[in-house]
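First to last, the sequence lines map onto chains L and P.
If you read the first sequence in the working numbering, its first letter stands for residue 1, the second for the next number, and so on.
If you read the second sequence in the working numbering, its first letter stands for residue 1, the second for the next number, and so on.
Simulated from the structure, these hints should not be mistaken for laboratory data.
One should not assume that every hint holds.
What the hints assert, rightly or not - Computed from the model, here is a short list of chain L residues facing chain P with C-beta under 7 Å:
hint : residue
1    : L4
2    : Y20
3    : G39
4    : I41
5    : E43
6    : T52
7    : G53
8    : K58
9    : R59
10   : K62
11   : S74
12   : T81
13   : Y83
14   : D84
15   : K322
Predicted model, so just to flag it, every value in this text is computed and none were measured.
Cβ atoms here follow ideal geometry from the backbone N, Cα and C, with glycine treated the same way.
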Amino acid sequence: MKKLLFAYIVLIGLFVLYVYQYQTSETTNNEWSEHELRGTIDETYVMVTFQTGIDYWKRPLKGFEDAAEALNVSVEYRGATQYDVNEEITVLEQVIAKNPSGIAVSTMDPEALNPVINKAVDSGIPVVMFDADAPNSKAYAFLGTNNHYAGVTAAHKMAELLNESGKVGVVTHPNQLNHQERTQGFRETIENEYPDMTVVDVKDGRGDQMISKEVSEELMREYPDIQGIFASEANGGVGVGKAVLDQQKKGDLHIISFDTDKGTLDMIDEGVISATLAQGTLEMGYWSLQFLFHLQHNLAGDLEGETNLPRYVDTGITVVTKDDVSDYYPLD
Amino acid sequence: MKRWTQINNMPIRYKLISHFLLISILPIFCLALLISWTVERVMEEQVNDNTLQLIDKVNESFEFYISNLQSYTYMIANNEDVEQFLGGNENNPSALSDNKYDIQRYLRNFTTVSPEVAGIMVVNNEGDYVSNELYAPSIMDLTEASWYQEAIENNGIFKIIGRPDGRRLNSIVDYTNDDVVTVVRAVIDPFTEQVHGVVLIDLKLRVIAETVKDVTLGKSGYLMVLDDDGQNIYQPNQPIVSQIPFKWISEQQSGDFSKTIKGEKIQFIYQRSPFANWVTVGVFPAEETIFGLREINFYLVMFIFIIMFFGIPVSYFLSHSISKPIVQLVSFMKKVEGGDFKVRYKEKRFDEIGLLGRSFNTMLTKLNDLMHLTERQERQKRDAEFRSLQANINPHFLYNTLDTIQWMARKQKADDVAEVVESLAKLFRIGLSKGRDVISLSEEIDHIESYLKIQKTRYREKLNYEIKVDESIKNKAILKFILQPIIENAIYHGIKERRGVGHINIEANPLNQHILIQISDDGKGMTPQQLSDMREALEESVNLTENPEETRNKKGYGMLNVQARIQLTHGSNYGMTIDSYENVGTTVKILLPNMNKSDEEREK
């Protein structure tokens, strides 16, 4: 009986030792990755925009991709190929149907997308807005430029360029909230702070280079003494620049553009465009994904109530002129 | 042989335990090993197959991306605006600018439908270029660039440049050279074979990385992609092997090999994608090959433990249940050997051991009875001896005195007195017979003759007797004093009770190997009741004479004593039988063994 007991104790001892060894080797391997801010490659975050081909989105997308690389998740880029709100709604519906881990949306209409955005949020997909907000939707956050402030900045820069007097025009995209805000900011500042300056007209460039060129030519015809044009988006800026070049008015007309696409930068370099407003577009994409990741992984508090994330993040604005344009060309 | 005998010498318990353990646990061990081994082999094969399939899928998506890019290069090259640009005939700057703008718009379509494209560039043979995303430093002549040359060398065939290091192109969107895979194709005039320019497309490496990362092999295994020069196109951040020497990978389409790196065996499985000519390699530690095997092994070990948990006590108790009663029986035997006959096997079981135990008990009971019998016989013998010894002391004196009387009677011519006295003396002399139990038949006959002579003096003519002894058995040895009590009975209960002259006949004859002595009288005889009582008493003679004090004075004690003595000495086959008819007479037959004196001596 003693021998049996002994054999049993040895047996149980071995057994416990084995199980212990098995358990510990099981856990040690996993330990480090559990405490890391890392997702899995199965998680797909989608960026939805409109006019998907334009260069403007390439930087937010790059930011989005960089964040995905850092967090080890997948990203997808979708959107309306045209400037078509219905197409964007359709695309967003398609994206929601695939039940992604999060969606970053830039809307061309502050209201039109609300039902779809709300639908996504209600079905548990985190949504953040970037670049252009839909303020009445259930989206958790908006990351973008303070457009009103951008307009104000543009106005100050314009005033500085024109010595605070003269007629200025605006080429913009009147359906889009961000452009409306920019225009509004610009206009209010000129009207309120610079009594010698007037905003003669606001034209619709529809975000297209050629149309912007046409409307700016129109503007120049209507107001031959116009001294400055503020283009609230990049294609418009290049279009206006081309019109100025065509009219041989280089140097007579100051153009303040928006964003830092290559065409704009080139024109600044050439002196056609006097200044442009650089947005933190890369940051928009980067932090959009970070926000979505935090929401998806419940790191941002209660999704039903108030989250810990700021509802609005200003990604900043910088005035770029010929002096510092080389900084915006990436290094070799 | 010696070993076997050693096994034979082992206690039965150990033999049984080792037997049970051998039968229960050894096969389990073998089975577990077999399962583990088989599962490992099968799973390894499966893992390799699966990995190869995964790699195949990954390669397929590469093919898809790359062939898309190839199509794009054709679509771009065939675009009218691009053709015009590549022709390089436009000298009007404004027209050139419009042309470039149209191309840019056209190129934008590709990034619209394919987000995986990081940049597209069209370069004509003068080094002028159009692109939405890429630009070259102005000092650089793009026709001198290595990728341009490679594209031309490939003569209009699509060419993949894995990681375009040092290509001196910048991306407006900050895609570095490490972020992209570049494909180039020279646009060549089909007739003049003149190079018009090159179309370059950057594919985001992320797309490949995502496809590859989607595949995890085991716990720390991963996929990596090499281009056709063995340069890494993609590998994860913390690779097991930073650079796989290209010579490890043979020219074959696919295969697997393993290398020991930093003391760990690493398994490599690779497959080439035929179109891109990339090699996708699955790298994982061989130990992890079969992640599930660990679990299977765990369950197997658990199983073995459980079997042991049950098997050891079961074999222990089973062997115990067999060996314990045997050991017990052995200890009983030892006790019995030591003289303790009171032990009994008490367990109630009905197997062979129970049977053995019961037989053991029966044997003990019989042995015990036998021992009792022997003991009693010894005691009775001693008793009888003691008594006869005691009885013999006085006869000595009596015998001498009788001798004196005989001589005196002869002197005084009283011959009849002298004769009686002589008979009496003889009677006593034989009675003493030096204390022996056994005397010769002739001596016994002398003894009863003396006795009869004395009785005849008393009963005169009423008692007649006749003795016939076969010559051949005169010297045979018989128990002493077996005839006298019978003759005494015949005289007192037979002849004396009858009227007139009585006869006693004594005959001794050999019968087969025995001696038959027959004493018959024509006295009063016994009633049937008396006879059956007597016979019954003779049957039980041994028991009835056990306590002599109680029975000594009873009627027929002498007869019973004789019967008891004969049966105790010679066994129950011998002894006397009695026949009697009322008023006719009684015959007593005594059957005795035919023993020589020497036999008797030897028996003692």
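Going down the list of hints, with the structure as the test:
1. L4: With Cβ-Cβ at 5 Å, under 7 Å, it holds.
2. Y20: With a closest approach of 12 Å, the Y20/L hint is violated.
3. G39: violated, 11 Å
4. I41: holds, 4 Å
5. E43: E43/L check fails; min Cβ-Cβ to chain P is 11 Å, beyond 7 Å.
6. T52: holds, 5 Å
7. G53: holds, 3 Å
8. K58: holds, 4 Å
9. R59: holds, 5 Å
10. K62: holds, 5 Å
11. S74: holds, 5 Å
12. T81: holds, 5 Å
13. Y83: violated, 12 Å
14. D84: Since chain P brings no Cβ nearer than about 13 Å to D84/L, farther than 7 Å, the hint is violated.
15. K322: Since chain P brings no Cβ nearer than about 16 Å to K322/L, farther than 7 Å, the hint is violated.
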